[in-house]
Amino acid sequence: MHGQASDRLRSLHSTRESNNYPTYQDIFVRTRLSASHLDAVSSASVAKEAISHRILAVKSLNEALSTPPKSRNECDARMAAALALAFQSSHFEDGLFEYLTMVRGCNLIASDESLMDSDSAFHVQDGHLATMRSRVGTSQLACVNRDDLESAFISLSAVQLLDMTDWERTFWDTLVRTVDNAFDRPVEAYTTFVMLYNIPSRWTHDEFQSFIDPNNTVAHILLAHFIAIQAILTPILILERVGFQGIDAPTAVLGWIEGIYKNVPHSLRHHVDFCHQVSRYPLVRFMGETPMEPDYHQWKIMS
1 MHGQASDRLR SLHSTRESNN YPTYQDIFVR TRLSASHLDA VSSASVAKEA
51 ISHRILAVKS LNEALSTPPK SRNECDARMA AALALAFQSS HFEDGLFEYL
101 TMVRGCNLIA SDESLMDSDS AFHVQDGHLA TMRSRVGTSQ LACVNRDDLE
151 SAFISLSAVQ LLDMTDWERT FWDTLVRTVD NAFDRPVEAY TTFVMLYNIP
201 SRWTHDEFQS FIDPNNTVAH ILLAHFIAIQ AILTPILILE RVGFQGIDAP
251 TAVLGWIEGI YKNVPHSLRH HVDFCHQVSR YPLVRFMGET PMEPDYHQWK
301 IMS
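Per the UniProt record's numbering, the sequence shown starts with residue 1, numbered consecutively.
Some clues are possibly wrong.
As the list claims (entries may be wrong) - Derived DEER-like restraints, expressed as beta-carbon distance ranges: (1) Ala110 <-> Glu63: 18 to 24 Å; (2) Pro68 <-> Lys262: 40 to 46 Å; (3) Leu108 <-> Gln277: 32 to 38 Å; (4) Ser111 <-> Gln277: 34 to 40 Å; (5) Asn107 <-> Asp173: 16 to 22 Å; (6) Lys59 <-> Arg169: 30 to 36 Å.
Treat the hints as calculated values from the structure; they're not laboratory data. Think of the CB as a built atom: it goes at the ideal place given N, C-alpha and C, for glycine as much as any other residue.
With the hints as extra help, turn the sequences into a complete structure.
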């Protein structure tokens with residue numbers, strides 16, 4: 001998820017508290033966020049509490065989404081809950097499909113006209129994209145490792161031969177365009193990458209469910225590439241965090257590749273070899289530096 005969302009969540013919580021109208025789903029989400037964040041950044045063992053509140057929060061949000069929002073504030077609350085659940089799911093080893101579901105939910109909620117109200121904490125502004133274009137276009141750090149890009153392109157070219165549905169091929173095509181842009185056009189690479197978060201919200205319910213089906217090997221392979229490409233784009237994506245103040249909580253995102261690698265049939269596992277290798281890169285590799293040690297170790301992307 002992107003840095004601007006964190007700022008919007010904090011703004012919304014401040015506004016909601018001043019108006020004194022917390023909801024049950026808001027309470028569950030806050031407690032689960034606190035529990036999962038504590039578990040990620042400290043020695044506190046509160047994972048069980050986080051999982052318990054996760055179940056309650058998802059159930060509460062699903063019930064709320066079954067009816068239209070009665071007010072702008074209620075629409076904001078739903079968006080805040082979905083965003084928080086998306087952030088939180090990134091801390092869980094088995095959180096990939098919930099993460100995708102919640103990100104899709106955020107995009108669907110964002111289509112509500114209530115969020116176009118300038119008073120909404122989630123009022124859409126073009127300023128963020130313009131700011132990122134300026135940062136990426138002027139930064140000397142936005143240079144992605146070309147060897148990684150070449151490897152990603154070769155891997156995606158092999159994936160092209162797999163039997164894909166129309167919506168899966170759309171996702172694959174956007175991955176390819178993102179990698180192609182990242183060679184010499186970092187601004188376009190960022191813009192195209194963001195599209196990968198939006199594409200699933202355009203699919204029908206059945207299309208999306210087929211994409212996150214645990215038995216859909218092709219989708220798993222595409223998702224492994226999505227995660228790996230997000231990692232190698234770190235020199236670009238890290239510019240979203242300029243001015244960020246807070247604790248960096250390690251997430252389980254790169255670890256999801258390991259789970260995909262183990263679940264993909266042996267006959268197709270070579271399609272995720274590149275992704276599996278990326279998941280074991282050290283942090284300095286993502287930032288364009290040469291690691292001091294020859295052995296790679298697992299690094300968890302910071303949320």
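Against the structure, test the hints numbered earlier, and report the numbers of the ones violated in rising order. none
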